[in-house]
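S.K.: Make a model of the complete structure from these sequences and hints.
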Amino acid sequence: MYSAHCDGDFVVFLIGARPNGANPFTKSFFEIGNAFRSMVEELESDPTLGYMGGDFYVGANERKSTSLHVQYWRNYESLQKWTHTKMGLHFKTMMEYMKTDRIEGVNGIWHETYKVRDGEYEAIYGNMPPIGLALATSAMPETKINNGQGRMKRPSKKQQA
1413 MYSAHCDGDF
1423 VVFLIGARPN
1433 GANPFTKSFF
1443 EIGNAFRSMV
1453 EELESDPTLG
1463 YMGGDFYVGA
1473 NERKSTSLHV
1483 QYWRNYESLQ
1493 KWTHTKMGLH
1503 FKTMMEYMKT
1513 DRIEGVNGIW
1523 HETYKVRDGE
1533 YEAIYGNMPP
1543 IGLALATSAM
1553 PETKINNGQG
1563 RMKRPSKKQQ
1573 A
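Going by our numbering, the first residue of the sequence shown is number 1413, and it counts up by one from there.
Don't take every hint at face value.
[Stated by the list, open to error] No more than 20 angstroms apart at the CA atoms, straight line, and that leaves these computed lysine to aspartate or glutamate pairs for EDC-like:
| no. | residue 1 | residue 2 |
| --- | --- | --- |
| 1 | 1493 | 1454 |
| 2 | 1476 | 1530 |
| 3 | 1527 | 1419 |
| 4 | 1439 | 1489 |
| 5 | 1498 | 1458 |
| 6 | 1498 | 1508 |
| 7 | 1527 | 1489 |
| 8 | 1504 | 1554 |
| 9 | 1527 | 1421 |
| 10 | 1504 | 1443 |
| 11 | 1493 | 1458 |
[Said to hold, decoys possible] Distance ranges between label pairs, derived from CB positions:
| no. | residue 1 | residue 2 | range |
| --- | --- | --- | --- |
| 12 | 1543 | 1435 | 28 to 34 angstroms |
| 13 | 1421 | 1442 | 34 to 40 angstroms |
| 14 | 1442 | 1522 | 17 to 23 angstroms |
The hints are simulated quantities; they were obtained by calculation from the structure and are not laboratory data. Since we're looking at a predicted model, the values are computed, not measured. By construction, the Cβ of each residue, glycine as well, lies at the ideal position given by its N, Cα and C atoms.
M.R.: Structure follows, in C-alpha cells:
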C-alpha cells in the first residue's frame, strides 16, 4: 500500500467531452480527442507551465460515452494563464470549438476546477502502479502516520511553521 504526497496547495482540473449524436464515432469527436492529446504534449514539454500530470479515462453509461482527463496543477493561476495564452493550443482549440461544435451541438465539453489546500486531501493505492495524484506528484509508503486518518489530520507545512 502507498499514498500520494504533494508539498503545498494544488489544483485538480477535470475536463472532458462527449458526442451528442447517435454516432459516437464522429470525425469531430476524434478531432477533440486529438486536440486533448496535443494539449497534454504541450503541457508535458514545459514544466514551467505548472502542469504536474494527469490521466485519461473513458466512461460509458445510459447517457453516452464521455471522456475525462484528470489533471493536477501547481496552482490555479498557472491553469488560468495557460488556458488564456493566445499562442497556446488550448486557446486555439477553444476558438475552433466555439466556431463549429458549440453552434452545431454535435459534441459537448465540460470542466470542473478544485483548489486543494496543503494537507487537506487523502489518497491510498493498493497493488497499483502510480496513478492519479501519486503519478503527478510522488508516491510514499503507507506508515502509521501515513494512513487515512493520519493523512487527513497531518498539519500542513504552513501550520508546522
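S.K.: Which earlier hints turn out false for this structure, listed by number in ascending order?
M.R.: 2, 4, 8
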